[in-house]
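In case you want the letters, here they are:
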Amino acid sequence: MNAVSKVPAPGRMFLSGNEAVARAVWDSGVRVAAAYPGTPASEMLENLGRYPDIYAEWSVNEKVSLEVVIGASMAGSRAFSAMKHVGMNVASDALMTLTLTGAKGGMVIAIADDVGFSSSQNEQDSRYWGRFGHLPILEPADSQEAYDMTRFGYALSEEYQVPVILRMTTRICHVKAMVTVGEREEHPSTGFEKDPARWVMVPGHAKTRLPMQFARENALRALAEKSDLNRVEGGSDRRLGFVASGPATMHVREAFPNAPVLKLGLSCPAPMEKIRAFAAQVDRLLVVEETEPLLETEIKAAGIAAHGKDVLPRSGELSPKVLRPAVAKLLGEPIAPSAEAPQRPALEVFPRPPTMCVACPHLGIYYTLHQMRNVTVSGDIGCYTLGAGHPWNALDSTIAMGASMGIALGLDKGRSEGDANKKIVAVIGDSTFLHNGMTGLLEITYHKGNVTVLLLDNRTTGMTGGQNTAANGRDLLGNPAPRVDFPKLVEALGVKPERIRVVDPYELPTLFKALREETKIEEPSVIITNRPCVLIDEYEKRQPLKVDEEKCNGCGNCVDVGCPAILVTRRAKEIKPSGKEVDLSFVRIETVACTGCNLCVQTCGQDAIVPAN
Amino acid sequence: MSDKITNILVVGTGGQGVMTAAEILSQAAIAQGLDVKKTEVAGMAQRGGVVSSHVRFGKQVLSPEIMPGEADILVGFEAAEAMRWCHFLRPGGVAMMNTLRLTPPVVSIGMYPYPDDPAAEIRAAGVRVYDFDAGAIARDLGGLNLVNTVMLGAIADLLPFPAAVLEESVLQRFRGRKEEWVGINKRAFDAGRQAGRAAGLK
Ligand SMILES: Cc1ncc(C[n+]2csc(CCOP(=O)(O)OP(=O)(O)O)c2C)c(N)n1
Chain A
1 MNAVSKVPAP GRMFLSGNEA VARAVWDSGV RVAAAYPGTP ASEMLENLGR YPDIYAEWSV
61 NEKVSLEVVI GASMAGSRAF SAMKHVGMNV ASDALMTLTL TGAKGGMVIA IADDVGFSSS
121 QNEQDSRYWG RFGHLPILEP ADSQEAYDMT RFGYALSEEY QVPVILRMTT RICHVKAMVT
181 VGEREEHPST GFEKDPARWV MVPGHAKTRL PMQFARENAL RALAEKSDLN RVEGGSDRRL
241 GFVASGPATM HVREAFPNAP VLKLGLSCPA PMEKIRAFAA QVDRLLVVEE TEPLLETEIK
301 AAGIAAHGKD VLPRSGELSP KVLRPAVAKL LGEPIAPSAE APQRPALEVF PRPPTMCVAC
361 PHLGIYYTLH QMRNVTVSGD IGCYTLGAGH PWNALDSTIA MGASMGIALG LDKGRSEGDA
421 NKKIVAVIGD STFLHNGMTG LLEITYHKGN VTVLLLDNRT TGMTGGQNTA ANGRDLLGNP
481 APRVDFPKLV EALGVKPERI RVVDPYELPT LFKALREETK IEEPSVIITN RPCVLIDEYE
541 KRQPLKVDEE KCNGCGNCVD VGCPAILVTR RAKEIKPSGK EVDLSFVRIE TVACTGCNLC
601 VQTCGQDAIV PAN
Chain B
1 MSDKITNILV VGTGGQGVMT AAEILSQAAI AQGLDVKKTE VAGMAQRGGV VSSHVRFGKQ
61 VLSPEIMPGE ADILVGFEAA EAMRWCHFLR PGGVAMMNTL RLTPPVVSIG MYPYPDDPAA
121 EIRAAGVRVY DFDAGAIARD LGGLNLVNTV MLGAIADLLP FPAAVLEESV LQRFRGRKEE
181 WVGINKRAFD AGRQAGRAAG LK
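Listed in order, the protein sequences are those of chains A and B.
Using the working numbering, the first residue of the first sequence is number 1, and each one after it goes up by one.
Using the working numbering, the first residue of the second sequence is number 1, and each one after it goes up by one.
The following block holds chain A by itself, in its conformation from the complex (with noise of 0.2 Å):
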């Protein structure tokens, strides 16, 4: 997949957010970089991987990067790391405690907030570790800026012996735009130094730090206040000034064009002597964050009057289209479309949710599991999300990666008296298994949970894109690497070698059986299912299908797979013999899709499906 290629010369260049911090990041002379994947921040890593002279990995989960990352740092080599907002939620805990060691070789940590949730399960504010952690953060607004400030930030992270945090969102990552690409410099390690005072954060050593993380804190607040990254950017219009940051400066320039803006670059520890002094040369402050009202809250703190939250929505983007109605109300002026812009109505139309893929081998899972009565399913997160939309709805919980283990042993231990004959299964991918739910299946083993565990081992890292994992031994490069063998971990996790089976999720009557027999033993079970994502190069095609309209009854059955090559071409009414009244579904299949799992096939009782030539 990904192979070191030659890197362009320093120019000009076309490059989304991600794109410009990776190159950065070479250019920075940084030897060691770590992540575990996950939108939208991936294409960090995904293009470092691209660069010689680099280490740099897929990381089993962001703490693990995050530490990995730690120790190069103590080696003395420049080091990154880059995770999804929720990603630093599993690695907080080392950043908490690598706020007092600080950093020895510099060290840029990248978060990249889902703002507008285009595809996570919640939305959080990354620049809450700054203040929790008290570590500088730096908010870059476009592609140039992603490039320059990852720069100067291990500048800035030497220089004053700190982790630098990196905020990007959506809306940076996945933007092109031109960049300037200055050279590369070199940084040699500079070697691992015994230092126990400073490296074994035991009690006594860690509480002698904190002198040292209190005074670090206002020298960076002098430099915000000096920094030419918080800046005053001209505008005539003094009835109402902008603080903004990240791409929420983008859009008040363009919305409001003749209004003044602080732009905070270096946005913690905040300069609070500059925002004062920008306050008093507007008639008003509007505070343009996404997504808390943070910097809102310490203005306020800080005895300097601002509006925030009060006019702008708590949550999703503030683009131009959200801002202009908020502050047309807040100036008192009539909210009058733009002449150049008349909203026009939206036409209806249906909605069109994301898909499995055809031939995905979750697809049997689900139609299975919608098949079996009394069963809750703890869910995880993956493309087997999905399982909890049409046509399958058979997916209970999804919570964090790797919950589904956990949340499964307390639907177990909490259930009900009505309860009591319920089958508990969890699902959850190979991925999100190694990053988190190896300790939860452990807690199952430990506490003799009566649950069944469905892990779909599908070789990769499905849902963000394909990247490689320790699952299917091969590493960020392609190259080989070990490959974990799942039935031995879960063995050696406490599951007895009997209550494990390996299943092809192709084959419905056998993944059935198993199913049934294991959800009727009172033990914790393992099936673990084979076959790899129809995305990545270990799967093969087979002999594509058809429909032989002839056969076709209508019943419908091979719709229930939910495999997007199945469409239906007209539907009709029939009265069985019984009176009842049942809805037909004639269908025929996309051949060009198909690749021949051969899923609807055993659920067509009229052998109606056929091989297409």
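Keep in mind the hints are simulated off the structure, nothing from the lab.
Here the structure is a predicted model, which means the values were calculated and not measured.
Heads up, none of these hints are tricks.
Only pairs whose alpha carbons sit at most 25 Å apart, straight line, appear in this in silico SDA-like list of lysine to any residue:
{"#": "1", "chain 1": "A", "residue 1": "488", "chain 2": "A", "residue 2": "502"}
{"#": "2", "chain 1": "A", "residue 1": "541", "chain 2": "B", "residue 2": "145"}
{"#": "3", "chain 1": "A", "residue 1": "329", "chain 2": "A", "residue 2": "310"}
{"#": "4", "chain 1": "A", "residue 1": "546", "chain 2": "B", "residue 2": "139"}
{"#": "5", "chain 1": "A", "residue 1": "541", "chain 2": "B", "residue 2": "139"}
{"#": "6", "chain 1": "A", "residue 1": "573", "chain 2": "B", "residue 2": "111"}
{"#": "7", "chain 1": "A", "residue 1": "551", "chain 2": "A", "residue 2": "573"}
{"#": "8", "chain 1": "A", "residue 1": "321", "chain 2": "A", "residue 2": "293"}
{"#": "9", "chain 1": "B", "residue 1": "4", "chain 2": "A", "residue 2": "234"}
{"#": "10", "chain 1": "B", "residue 1": "4", "chain 2": "A", "residue 2": "258"}
{"#": "11", "chain 1": "A", "residue 1": "513", "chain 2": "A", "residue 2": "376"}
{"#": "12", "chain 1": "B", "residue 1": "59", "chain 2": "A", "residue 2": "11"}
Given the coordinates of chain A, assemble chain B with the ligand onto it according to the supplied hints.
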């Protein structure tokens, strides 16, 4: 060229080449020395979901997003998707759409209907829309993967720079690597241009 920003919205579903088309448009604008921003919402692109890519170019582009009512051109790779996004066009803006209909499972299982005539509904909403079967043209010339080039050809005469600039951006991707595709794509681009003209542009 004036300070005016040109806004082009390219829409379709995962796997149709929407993002590639937007990239090629961006490269053409860069070749003209313009500032360009391109943004897409495609978190679930590989999963058959909606894909939209915003391309904005001009002297200086700030926000990367096109707002409803601001697009100059809408390029629809799928009929219902063109409908979904047509309110993003400014008055006088133009929708160029492929007549291809891709039915998602929610339609297949009968939860929602697929609109009978998307182009007619767009027209009824007061939008200048041109629809044609880009897939048929692509198939005749060598394969469905040419749809992308056909669609770009179809809007080539609506841009603030010569059609040849866009054509060169398309062909650039194949030069030196897949020479045999250069000629085929040139034909697909020309066929798209003709379809655009036949549909009533210029
Ligand atoms: C803490 C955290 N990190 C990363 C993600 C992003 N993410 C969502 S699903 C997923 C991996 C899914 O892989 P796998 O479990 O193998 O299932 P598949 O999608 O292949 O079916 C990732 C990395 C997340 N949601 N939360």
